[in-house]
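Counting in the numbering used here, the sequence shown tops out at residue 171, every number present.
You may find that some hints are simply not true.
Only pairs whose alpha carbons sit at most 16 angstroms apart, straight line, appear in this in silico EDC-like list of lysine to aspartate or glutamate [stated by the list, open to error]:
id, residue 1, residue 2
1, K95, D137
2, K140, D128
3, K95, E144
Beta-carbon label-pair distances, calculated as ranges [unchecked claim]:
id, residue 1, residue 2, range
4, V88, F40, 14 to 24 angstroms
5, G96, S118, 44 to 54 angstroms
6, S118, V57, 50 to 60 angstroms
7, G96, V46, 22 to 32 angstroms
8, I43, G69, 56 to 66 angstroms
9, D138, S118, 43 to 53 angstroms
10, G143, P103, 45 to 55 angstroms
11, G64, P103, 21 to 31 angstroms
12, G96, L133, 52 to 62 angstroms
13, V81, K101, 32 to 42 angstroms
14, P103, P142, 19 to 29 angstroms
15, S71, V41, 46 to 56 angstroms
If you're looking for bench data, these hints aren't it; they were derived computationally from the structure.
Here a beta-carbon is modelled for each residue, glycine too, at the ideal position from N, C-alpha and C.
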Amino acid sequence: MVRFVIIGIVIAVAFTLYALVDAAMTDGSRARGVSKPVWVVLVVVLPVIGGVLWFMIGKGAPPAKRPTPPDDDPRFTGTRMSSADLDSHMRDLEQRLRELDDEKFPGEEGPERPAADGESRGEEQPGPDDDAAQK
């Protein structure tokens, strides 16, 4: 019976010391209910009950960091383009997209667009080598 009492006292002292160190080392903004020094005093004055109260009530979760929206982020707002730069950038992108749309791969059949001035329609003109190959 004496062993159980001694083991119980050792466990209570260890728990109280752990709660005391945790209460003392925790950031003050996480302490709920009362201020952090009051929690330390409660853990010392009420050894086991103070520790249980600290872990149940006093120790709060860390405050959640609210993400900043992109329009409040200086890295995002510092890289804005002027309207003239934006217009020229959009024209360049549209031109590159048109070039990609017109690109044909070997064996690919697609709708023919009317050829603009100076563009070939992709039809091969017979050349001098073609005549020699037919003979």
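Okay, the hints, checked on the actual structure:
As the CA atoms of K95 and D137 are separated by approximately 61 angstroms, the hinted pair breaks the 16 angstroms bound. For a cut-off of 16 angstroms, the pair hint linking K140 to D128 is broken: about 21 angstroms separates their Cα positions. Taken as a hint, the K95 and E144 pair is broken in the structure, with Cα atoms around 68 angstroms apart against an allowance of 16 angstroms. As the Cβ distance of V88 to F40 is approximately 20 angstroms, the hint placing it in 14 to 24 angstroms holds.
Checked against the hint of 44 to 54 angstroms, the C-beta distance between G96 and S118 comes to roughly 48 angstroms, which is consistent with it. As the Cβ distance of S118 to V57 is approximately 58 angstroms, the hint placing it in 50 to 60 angstroms holds. As the Cβ distance of G96 to V46 is approximately 30 angstroms, the hint placing it in 22 to 32 angstroms holds. At roughly 32 angstroms, the beta carbons of I43 and G69 sit outside the given window of 56 to 66 angstroms.
Between D138 and S118 the beta carbon distance is about 30 angstroms. The supplied range of 43 to 53 angstroms is therefore violated. Checking the proposed 45 to 55 angstroms range against G143 and P103 shows it holds: the Cβ atoms sit about 49 angstroms from each other. Between G64 and P103 the beta carbon distance is about 24 angstroms. The supplied range of 21 to 31 angstroms therefore holds. A C-beta distance of roughly 53 angstroms is found between G96 and L133, which places it inside the suggested range of 52 to 62 angstroms.
The hint said 32 to 42 angstroms for the Cβ distance between V81 and K101, and at roughly 35 angstroms that hint holds. Roughly 49 angstroms separates the CB atoms of P103 and P142, a value that falls outside the hinted 19 to 29 angstroms. Checking the proposed 46 to 56 angstroms range against S71 and V41 shows it is violated: the Cβ atoms sit about 35 angstroms from each other.
Of the hints listed earlier, those the structure fails to meet are numbers 1, 2, 3, 8, 9, 14 and 15, in rising order.
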